[in-house]
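For this one, chain A is given, so just place chain B on it according to the hints.
Protein chains: 2
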Amino acid sequence: METITTYINDNKDRFLSELFDLIRIPSVSAKEENKPDMIRAAEFLKDSLLKAGADKAEIYSTDGHPVLYGEKVVSADAPTILVYGHYDVQPAEPLELWNSPPFEPVIRDGKIWARGADDDKGQLFMHVKAFEYMCKTGNQFCNVKFMIEGEEEVGSVNLEKFCTEHKTMLAADVILISDTTMISLETPSVTSGLRGLSYVQVEVTGPNRDLHSGLYGGAVVNPCNVLCDMIASLKDSNGRVTIPGFYDDVKECSAEERTEMAKRPFNRDKFMQSIGVTQLKGEDGYSDTERIGIRPTLDINGIWGGYIGEGAKTILPSKAFAKISMRLVPYQNAEKIAALFIKHFTSIAPEGITVKAEYLHGGEAYVSPLDTPEYMAASMSVEGSLSKKPIPVRSGGSIPIVSTFEKVLGIKSILLGFGLESDAIHSPNENYPVVNFLKGIETIINYHQQYRFQKK
Amino acid sequence: METITTYINDNKDRFLSELFDLIRIPSVSAKEENKPDMIRAAEFLKDSLLKAGADKAEIYSTDGHPVLYGEKVVSADAPTILVYGHYDVQPAEPLELWNSPPFEPVIRDGKIWARGADDDKGQLFMHVKAFEYMCKTGNQFCNVKFMIEGEEEVGSVNLEKFCTEHKTMLAADVILISDTTMISLETPSVTSGLRGLSYVQVEVTGPNRDLHSGLYGGAVVNPCNVLCDMIASLKDSNGRVTIPGFYDDVKECSAEERTEMAKRPFNRDKFMQSIGVTQLKGEDGYSDTERIGIRPTLDINGIWGGYIGEGAKTILPSKAFAKISMRLVPYQNAEKIAALFIKHFTSIAPEGITVKAEYLHGGEAYVSPLDTPEYMAASMSVEGSLSKKPIPVRSGGSIPIVSTFEKVLGIKSILLGFGLESDAIHSPNENYPVVNFLKGIETIINYHQQYRFQKK
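Residue numbers (this note's numbering), protein chains in the order written: chain A, 149 to 604; chain B, 149 to 604.
Pulled out of the complex, with its shape left as it was, chain A reads as follows:
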């Protein structure tokens, strides 16, 4: 291993300054205005792969943001690892809550602070640098392919088509993804499951314009009040979602599974402290980690309507809106759940109110078995670099594309993530510890060696 750690140590300043150049490109996939930045980010990574030693690297345009593909094939008998990652990031708003500008990365307290520091530029770049090591030192044990998209944060809307059209080019034994968290470097973990996602936006309309709340209030139905009524009715007093059929496809975990998962260290007080709340609440009958890991949810991501400016404006608003997302568990189907939501939500609208509900995007949940060469290699490579066997953990997050890969390409994914829950991804002051970045590179190199060995 010496050579690996030495190489990483000798080059870490360059690795970081290259990553910072990538982070400085504000590639926010949700925003029209950042379209040129998406191209720049893809071009940047194309150059990085070629410099690292790729045989080829090509940018494929899609109906949305482009996909970057690169590869270096060493031998027909070697297994092939397809690395997936994304160069797009979440919007940085609310900007006023950042301690330093989101797209000007800085290192403070041993952490990189910036939008994308972890999700996913920081984690993706570990693979680029691991790949560089393997090429430069001639220690490449597996064929390597890269598929890097720019629409993960908006639902990977064009990637399924891309996979279908390039099935042969993407052929591989395993897909390796670093876009998740581990408990800590001291208590390493590998994500063995993910939740799905079904994201909808609703628009509730009352009168055809904002009305004077005095001259009309009392007789005219207020769409903001109605939206609150409708949303409130979506959960019962036990914290269960009331949409008919919502739980139909949920497969309850066995007592054994739940006992296994309960071994995952979880400090409730520390967890509450880290997010500044004095109490946790959720679906009755499940633990905090189960509520996040193995149960579906319904959360308002955003709500707005009427006058939201300074001071007091006495209007009865014309419209109210909400962005509502449901996290899904294995066997729930994103589009089916969205259809159930829309049917129910429309049906509970009171007379005189019109409802528009739209499915924005989603994806299915994912579970990885623990006895495959793919998972074994992950477990061993982590143990190799962090000197501790990782715990398998069911994460609450979603990477909808993972199940699409299985469906379209017939390839299982391994989620070898090095983020921490404290990295505040999707939030102001996103950060990523430098040591995780470096240990990640080392572990990924181990994985390629271990996987070659496991497949022998």
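To be clear, the hints were calculated from the coordinates, so they are not data collected in a lab. Fair warning: there could be bad hints in the mix.
Since the list gives no way to pick one copy over another, a pair counts as held whenever it fits inside one copy or between any two copies.
Each computed DSS-like pair below joins lysine-lysine, with the alpha-carbon atoms no more than 30 Å apart [unchecked claim]:
#	residue 1	residue 2
1	Lys504	Lys418
2	Lys504	Lys383
3	Lys429	Lys491
4	Lys383	Lys491
5	Lys204	Lys315
6	Lys199	Lys603
7	Lys429	Lys383
All of these numbers come straight from a predicted model, not from anything done at the bench.
What follows is chain B alone, placed relative to chain A:
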């Protein structure tokens, strides 16, 4: 009357172009950025009064926006009319819904289109021009005083202090206000009552930052969902407000009163059509007009929280906000209702959620008896200019200051309004028919003569 109508007719183009100059000043009292415009609007009206023939006109600074006072006293035995109006306007947002820029008045279809065309620049300016006629033609039958403030749309927060400090200067027999509507010029009405207002803003906080809805969703209480729950619980299935004590001081109207009020012409279909709804709903057991005229309400004026930008952002928000106003009926006290609201709203917050609730402003309801010289003069002056006896109407709107005048100055107000419900005040495309503006001037001149006669 010949001379009056002739004078108005000969000068109407000048009247309108002067009014337009006033409207072009964006005097939005709720916005810090418009502070200089508030001064400009007050100065403009000061010059108008002096040009019209006022003995004096002076701008008094307050802790907020200035108050303009002007007067012309003709005789010690003549009764004194104190004209009240406001030069501030509501914010114009949402700007994209205006058919022409809000602060560039235009005349289309016989109407003035602009923010403030009716509320209250258009209606206030009728008094200025009526006053000009009386001065120029020597037909001033009453002493005239003007008190014009710049904070009506934000709760007249500094006017009570001003009245207390200038009680002698403001001494009068009646306060004449044109800041309300009439049914139509064909079915004239005089507002004999107003609702009060209690306006609060609430802030609901969960986690100390926006969280990833996947990594936390299910276990962490979502403040947007909670705000919806809390707001939904503020009304029961009969449309009644559930805040303990909310109805305690409400004096039910007698069957006789309700029969009288029911005579007011109201076309439900036309009303629904005018605001583009297919159904009306409100408190059970009351008619549409009663729900607006004699019953208290609770309406969301604005609500916001989480990500409200383009696309999909998967966060569990840190905060949610709402602006909530309650319209009050006689004997309900604005501050008492706000206190009841805040106490109740805070008490229903679930554990782990912190609530801030703030009383922004408010005022009491108002009722005017119909057998006083003040009201008789109003009724007769309307009959004089519109050839029809006006119907007394209880309006759903609020002019909180009216009850303050009675309390501090001991003077009753008469609400001689010429707006129409179709004027869309507080909404995009506010408008005011030119004929109402001109008929208003004529009626106001009549009022001064009638009142002198009634007081004899």
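Hints numbered earlier in the text: which of these fail when held up against the supplied structure? Failing hints: none at all.
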